[in-house]
Every structure is written in structure tokens, then in C-alpha cells.
Amino acid sequence: MNYQIRYTKVESSQSIRQYIETKLVDALQKLARAAGPHDPWQFTIEVGRETLHHRKGDVWFAEVTGTTTYGPVRVRSGGSDIHEAIDIAEEELKATFSKSKGRVFSRGLRAARRVKNMMRLSRLARFFRRGRVRDEGL
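Numbering (our numbering), first residue to last: 2 to 139.
Among the clues, some could well be false.
[What the hints assert, rightly or not] With a straight-line cut-off of 25 angstroms between C-alpha atoms, the simulated BS3-like cross-links for lysine-lysine are: (1) Lys102 to Lys24; (2) Lys24 to Lys10; (3) Lys102 to Lys117; (4) Lys10 to Lys57; (5) Lys24 to Lys95; (6) Lys31 to Lys102; (7) Lys100 to Lys31; (8) Lys24 to Lys100; (9) Lys95 to Lys31.
Quick caveat, the hints were computed from the structure, so don't treat them as lab data.
Can you make the complete structure from the sequences, with help from the hints?
This is the structure in C-alpha cells:
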């Protein structure tokens, strides 16, 4: 799994980098290991401030974009401080992956059901016993 960390309108520090790696990168690596080692996942993690002139409210953001075996992923969250934004992004990322993973598995199950239905005989192809055909006049 490849990842790149970008900082927008904020200085990069070792503590922020460690927090990003413990929260987001570890979660992504755990999910990538579950998918399989041969599939390359690429992510861009961007953290920073929306604007420099706002002081209160959700001015910090964390954004994760990338490609996986389940398809493209984009999660963006905001918070009143950078750690809160990263925590919210981690929760949304896990929810997004569980939803997309479920979509992939259900697609396979739907295909299996379709194949099973095609293999079944039609309800119109009834096998009659001789006595029943004679009695009912069919």
C-alpha cells in the first residue's frame, strides 16, 4: 500500500505525522491486508485548515482519497481541531469500507442466485403421472 501525506495551510510536525500514521495509515493497512497482498492500494491523506482567517468552528479538515480493489474511496471530515478531524475521518473510512465490501460480496451472491435460477426447470414444465392426466383430462 502506498500513501502520501499532504499538509494544507499548516506546518508539518512529527506529532501530527505520528497521529496520522497511528490512526489513518494503520487502519488503511489493516483493511488492505484483509483484501490481499497482491492488490496495490494508493492513498493521498490531506490534513489542514480550511481558511486562515476563521478561528472558531470546524476549520480543520482531514481528507483521504485513493483507489482500492473495492473501487475509488473519498472521505472528507471537518472538526474544531486537527485531531478531531482525523478521528472522524477514520470512523467514516471504516464505515465506507464496510459498506463497499458488503456491496462487492452481495454482488457475488446475486450472481450466484441468478445462475441457480437459470439452472432450475420452469414451473410450466410439470411432470404428470398417467393416472392424474387421465382423471383430470389434461
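Hint check results:
Taking the CA atoms of Lys102 and Lys24, the gap is about 20 angstroms. The hint holds against a cut of 25 angstroms. With a C-alpha separation of about 21 angstroms, the suggested pairing of Lys24 with Lys10 holds against the 25 angstroms cut-off. Distance restraint check for Lys102 and Lys117: the Cα-Cα separation of roughly 23 angstroms lies within the 25 angstroms cut-off, and the hinted pair is therefore satisfied. A distance of roughly 16 angstroms separates the Cα atoms of Lys10 and Lys57; the hinted pair therefore holds under the 25 angstroms criterion.
For a cut-off of 25 angstroms, the pair hint linking Lys24 to Lys95 stands: about 11 angstroms separates their Cα positions. Simply put, Lys31 and Lys102 have alpha-carbon atoms about 14 angstroms apart, close enough for the 25 angstroms limit, and the pair holds. As the CA atoms of Lys100 and Lys31 are separated by approximately 16 angstroms, the hinted pair is consistent with the 25 angstroms bound. A C-alpha spacing of about 20 angstroms is found between Lys24 and Lys100, which places the hinted pair at or below 25 angstroms, so the restraint holds.
Between Lys95 and Lys31 the alpha-carbon distance is near 10 angstroms, which keeps this suggested pair within the 25 angstroms criterion.
Of the numbered hints given earlier, the model fails none.
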